[in-house]
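There are 2 protein chains.
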Amino acid sequence: VFFFKCDNMLQTSDNKIHVTWVHCILLSPVQVANNMMDMDQDPRKRLCFADGRRKVDYVLVYHYRKRSSVRGSPSQHRLSIISNGSYPLGVEEKDQEGRKDEPAEVVVDVGPPDPADGEKIMIREEFEGNLKDAGLEIEHDKENKAHGHAFIRLHAPWQVLSREAEFLKIKVPTKKVRHKKGLAATMNEVWRKLNQPFQPKVPHQEQEHSRTKFLSHYATHTPSVFCVTFRKYFGEKIGLYFAWLGVYTQLLIPASVVGIIVFFYGWATVETNIPSQEMCDEDQNFTMCPLCDRACDYWHLSTACGTARASHLFDNPATVFFAIFMSLWAAMFLEHWKRRQISLNYSWDLTGMEEEEVHSHTYIVTLCYSLLTSTGHEKLTWRDRLPGYLINISSILFMFGVTCSAVFSVIIYRITISALMAMSSDPEVKSNVRVTVTATAVIINLVVILILDEIYGMVAAWLTELEIPKTETNFEERLILKAFLLKFMNAYAPIFYVAFFKGRFAGRPGDYVYVFNDYRMEECAPGGCLIELCIQLSIIMLGKQLIQNNVFEIGIPKLKKLCRTLKDKERAPKEIVEQPGRRQQWHLDYDLEPFDGLTPEYMEMIIQFGFVSLFVASFPLAPLFALLNNVIEIRLDAKKFVTELRRPDAIRAKDIGIWYNILSGLGKFSVIINAFVISFTSDFIPRLVYQYMYSETGTMHGFINHTLSYFNVSNFKPGTVPSISSLGKDITFCRYKDYREPPWSTEPYQFSKQYWSVLAARLGFVILFQNLVITMSMLVAWVIPDVPKNISEKLKKEKTLLVDVFLNEEKEKLQLIQSLFSRDLTQEQQEELKVSDQTSLPLQQTQPGQLPPTSSPAPRTRPRAASFSQFTRQMSMSPRSDITQHTAV
Amino acid sequence: VFFFKCDNMLQTSDNKIHVTWVHCILLSPVQVANNMMDMDQDPRKRLCFADGRRKVDYVLVYHYRKRSSVRGSPSQHRLSIISNGSYPLGVEEKDQEGRKDEPAEVVVDVGPPDPADGEKIMIREEFEGNLKDAGLEIEHDKENKAHGHAFIRLHAPWQVLSREAEFLKIKVPTKKVRHKKGLAATMNEVWRKLNQPFQPKVPHQEQEHSRTKFLSHYATHTPSVFCVTFRKYFGEKIGLYFAWLGVYTQLLIPASVVGIIVFFYGWATVETNIPSQEMCDEDQNFTMCPLCDRACDYWHLSTACGTARASHLFDNPATVFFAIFMSLWAAMFLEHWKRRQISLNYSWDLTGMEEEEVHSHTYIVTLCYSLLTSTGHEKLTWRDRLPGYLINISSILFMFGVTCSAVFSVIIYRITISALMAMSSDPEVKSNVRVTVTATAVIINLVVILILDEIYGMVAAWLTELEIPKTETNFEERLILKAFLLKFMNAYAPIFYVAFFKGRFAGRPGDYVYVFNDYRMEECAPGGCLIELCIQLSIIMLGKQLIQNNVFEIGIPKLKKLCRTLKDKERAPKEIVEQPGRRQQWHLDYDLEPFDGLTPEYMEMIIQFGFVSLFVASFPLAPLFALLNNVIEIRLDAKKFVTELRRPDAIRAKDIGIWYNILSGLGKFSVIINAFVISFTSDFIPRLVYQYMYSETGTMHGFINHTLSYFNVSNFKPGTVPSISSLGKDITFCRYKDYREPPWSTEPYQFSKQYWSVLAARLGFVILFQNLVITMSMLVAWVIPDVPKNISEKLKKEKTLLVDVFLNEEKEKLQLIQSLFSRDLTQEQQEELKVSDQTSLPLQQTQPGQLPPTSSPAPRTRPRAASFSQFTRQMSMSPRSDITQHTAV
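Those protein sequences? They're chains A and B, same order as listed. Per UniProt numbering, the first sequence starts with residue 1, numbered consecutively. Per UniProt numbering, the second sequence starts with residue 1, numbered consecutively.
These are calculated hints, taken from the structure and not from any lab test. All C-beta atoms, glycine included, are put in the ideal place defined by N, C-alpha and C. It cannot be assumed that every hint is accurate.
Said to hold, decoys possible - Sample of chain A residues at the chain B side, in silico, Cβ under 8 Å:
hint: 1; residue: L328
hint: 2; residue: I672
hint: 3; residue: K753
hint: 4; residue: W756
hint: 5; residue: S757
hint: 6; residue: A760
Extracted from the complex, chain A is given alone in its bound form (with noise of 0.2 Å):
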């Protein structure tokens, strides 16, 4: 982990030349050294500078070009800005000067030879000298110096390192940890192995593995020994992800076995279900009315007895406790990821670190572009913020509407295709009508789907940019909410539809709904929306998965990094040629993809997460597709960070940020949503209804003829009775699926005292369900707390340890100051020489009772973490030697 301080870089220049200056491309010896395996020098020299002994920390890049180069293009000298793809985009609006040539680079002028240049290179003078200032030390390329790359070697010396450890209040423990032994060593050893496929690169409970489970992996490829300490390779923010994607794959286990049980449940009951009998018991002979105007017959039920018995298998008894478990689930993971991000706070020595210096500190590039968007941007008003929220707004209405009229459209292509093919003539292309409508709907929508949600990435980033917000934080996370925003609904606009409103604007036999003035609404299958939405839900999250994850995660890097060579290649084709065995571990790095940062990741798994929390009550098998997934996932996340991305900067972070307020509130949506499909969608309550109210022998018996309403087939409208009948001759009423009025009463077909009873009951349990749910998950996360019990403990013993430390040191100091004071008392008037250009004000702590003057002179600033051991410390003149010391171990 490194630091550099960039204010001091900033404050003595105007901001908007330094635009150009605040990116760098930052690689670290880890990297360089994992990429020279197959080099033939001494690898230790390679990662110096020439002294060889200070090592190379950093490398600044930047590639200009000849005057006689062979295009005569205006962008000579140029500063390749490549801060691993995490720089923030604004810039690349407000820079001028700069102009955009490909995503991955900022290609700002600085050559030399336009006399206009100059500059340029008292600009990179002045950046140098600030370096220099901060306590960097500075290695200018001299091969390289007739085109190309040009590379800038940084070394930051120790007391560098440790200042800025201080400034970070990076903590360091003092103790090895013990190794368990026996019985409960090998329990745990047998758990971690079993755990492992679930997580791999991800730091364990223990502290010996966080401290080395990343080094490990990459200490083999590492010939350097003083690679070994630096302590992560990628830093707490993807170790962060990696530990929370195992969690979440390792709570999915339970999951997908109680998904499992509840899917065998229905396998296993659905020959004593009795309405799947009835329905497809021949016998009771249900003629419905038909499907379509004109072109359909009417039919008997019982051909609709598979769907039924499909049905069984999603919609039954134990799918809502199925959805109230995963609601607890889901709350239940939420509070175990935050004790787990307490323990990892804590063994990776992260308690003491402050939430501001996440936002600022950290990162070389956030911290710059906070100051300059700070100073630079300050007279931002509420006037110039406008515009771009009108367009924020505007934009995301008009996406909205871009889903919405996506799944109108596919709507629209279900109707149509289906009307079609029920005209068809072949008995062939109508008996399988509503599976091929099905199924090709499905996939055009998953297509849309993919194709929306790679535009939505680009456009929620060209919104952020728009906003100009001021912290890269702010920026991240208005980006992220905005992505989220619009890729959820993209993903969920169509699953939505079918369970909550295909079927219910149908109308009814004699008064049908129509669009275009002559295609009817599609309906649901007779066994409920339940299974068609089952079957949305599977295609979509699978084929979603496996698209996003093998074409576009695998397949895109790979070709985005051959076209970069290509690129490169046909940019400087000689100097590669010229220099075949000096490249160097940077050109390695260089060619690989820059990184993207987290969010596609997290996305990834966020609507992930929104399929197996969201529709659980109609897909059970959901945790186990996602399982399943994830286990891959893990490794190909993994391989793409060691092998297809330069490596990212390690980035201190203490918790998964707005991703835990998306979860969460994912969460509490999935109470309300699960509760709407086991009411409305499925059949559950409808039963309910039956069993206890309208049954007259108690049982589910004749609960298929209770939920179908009677329609005389006198009461068509012209034009919409079946042509060509089979059955049309003797029928006087055909069944359809409603509560409504038999023809016979003094309301006929208006909704029946069944409908709106079954209403009621359906609107009650949406209640009940909720606030139980609500009150459970509540129950959930309070029960458990949020700091585990053995972190406290550690925390607590810690602080009696420092305190009993404190209290021994001042003893000791008063017994020196008194012997001090009795044995030379001269040597101390010399040391109060030496430091009375820092204070004018005697020691006063040693004299009792007497108070100091209220007004002291001009104190600079109050001391913020003014802390005992400073005091102590101080005053006993125990040199700092011991606590720089442990901010390396």
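Given chain A, work out where chain B should sit, using these hints.
Chain B only, in chain A's frame:
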């Protein structure tokens, strides 16, 4: 604010003995000064040790008795352990040596005449030794050797205070806040004056105010100058209570205003309201079924005109708006309080304070107690605690039962009395049945509530003791939770009954529900239950507040004080007679009531918050009543704290603790309760359903007729027909308020379709209301940033300043070291000698690139609050005097 180190005192000896020592009466000089205005001596001298220089910071009191005492009591030479009522109650249980004498004192034998008492003297001496070790200075009482109270006076020297300030990370401002000038200041002053009635004694936004307000109030009472250095009088915890009360009361103003508007809207529209017009219309001759068996006659609906009109005052569409408004108000109140809390934390310099400090370091008693329990009772296992938990659960269930049976008894009272009164022959009695019964029942309810409230407070304390919580904070939290649960239930059970149960189990004509085989269950008034709920609510709210405020809060303490004085006089009449002119300030303070903690104050306000938020839909004037109460309450509380109670220990606190959680829980609960009140208790939904589903004209005309079902009087069970009837002759049908099928339908007296549709609408409204309001509340919470902008900016500025100063210091330090190295090398070596007992490591920071050895020689602790300042300060050897200086400003 004083802080003693207790751990030292306890570490060296066993715990059992020290139970008798950890409590001590803590009197501070300000309080002392406050009570000695009428003394004739020089007040400065009175507050000091015999030397006239060192001031008395604390007084330890124990009282003892000669063997020749009037009472032959075995408890001689007692140590009176009075910790202002805030000592952990659990100690009493474990204290086997002592015995309970009176609630506020734990009396322990320490009398020397017994041979066993020699040990006590030893203990006292050891205790005093420990105090001295901790740096405190002690003066013994020399005059009152004979008998009665013995005083040990303590003085905390400057270095002890500054050491503890370091531990607590107390921060102080470096600059004075500039006073605002011009228009802004005037406006500010006007605003402050407007607000003044609602927040006396409460620190205001401006720093200046917050620092001096408590002080200024007492500065006039304080004759000695050095008292001014004590920045706050009551400490942050009590300050936070008043600040919270101020914010709450202030925010009640808009709520009251809106409530009054809603009430007047109802009042203004009552004439144009069609349902109440129809009810009062004597032409629409609805003949209602009798309200009781035999004794009651049929009656005309128009006779209930009064209640119908009154009902409209509270049951009109504006109430729905008001319920939504109040839910958002509650969310806003919580958010606003969060911000205020952070502002106060900043202006009270608590921003750096660690959460844990609050729990363990602030408070002599807390600390000692937690140390005690953690060392003495660490062996408490699950088994030890089980009986306590079991008793807890069963007791709470039992209390639930008590509350419910109290409510049920009142119901029975109402049923029987109304039945008896209805049977009376006196027409005067008959006409006033409802008013008389309701009024007396509510008063009985109120009395029961007030009695149970006191009992439950004691029960909660007793139950919490049984649990043996580990820390004082833990104890307090559990006690509060239990007391809240019991008192909340107690106060709200009758209201819940009226709102949701009354009249719902009464049955229908011909099939009434009877209790004790004779008495019909009570029904609501014809205008709906809402008006009854409203009466219940207003009487309980007003009655509870008036009686608890005036009688309990003012009367009881005065009575107690009187008792104490009488008792003390009886106990030691001679002493007082002996030294009439020599009564010290601590004697006067001793006569005051000990401080009982803030729990009762908070509890009262939270229960009031419940009235304001939970059932606000039924009683829009609740905020107004709460506001009026609070304006008085703040004054009474302030007076009580200043004149009636011993000065409480100043306790540092960052927040209001568990009360915030309770408030937020109440806020959430209020949403669902209000949703149910609007949809089920009020007639809002039936009216809507009628207007949009059943009314032929689209207006409310005919609504009353629609809500009344028909009953064929021939279907009355034998013996229930009115015995004497003026209308009975020509009546076939009577009407009753319900949605049931008429006698001529196929299913007579079954719930009609209207019933189910209204039920569905009601439930739908609950879902809509709940989710809408929850979403809006979350939005409010999300939009209002937790940290006020000016505070976050100030914090940022401070941080930047700090960084700059440190960077400059580092530079100066490096220059200094260089100059020192060149000037004098031998002196450096001498300094190294001095620190050689602290560490054996050489200064390594100055050797760039070289890595320190991986294992340091047994470092004693990890540097917890390691900051850059330590580093630079130690390097530059600046004395600490400037920092300790700040601490005292």
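Verification of the supplied hints:
Interface hint at L328 (chain A): violated, since its Cβ lies 18 Å from the closest Cβ of chain B, which is beyond the 8 Å cut-off. Because the closest C-beta pair between I672 (chain A) and chain B is about 6 Å apart, less than 8 Å, the hint holds. Interface restraint check: K753 (chain A) against chain B, minimum CB-CB distance 4 Å, threshold 8 Å, status holds. A hinted interface residue such as W756 (chain A) counts as satisfied when its beta carbon comes closer than 8 Å to some beta carbon of chain B; here the least separation is about 3 Å, so the hint holds.
At its closest, the beta carbon of S757 (chain A) sits 5 Å from a beta carbon of chain B; the interface hint therefore holds under the 8 Å criterion. The beta carbon of A760 (chain A) comes within 4 Å of a beta carbon in chain B, closer than 8 Å, and the hint placing it at the interface holds.
Going through the hint list in order, the structure does not satisfy hint 1, though it satisfies all others.
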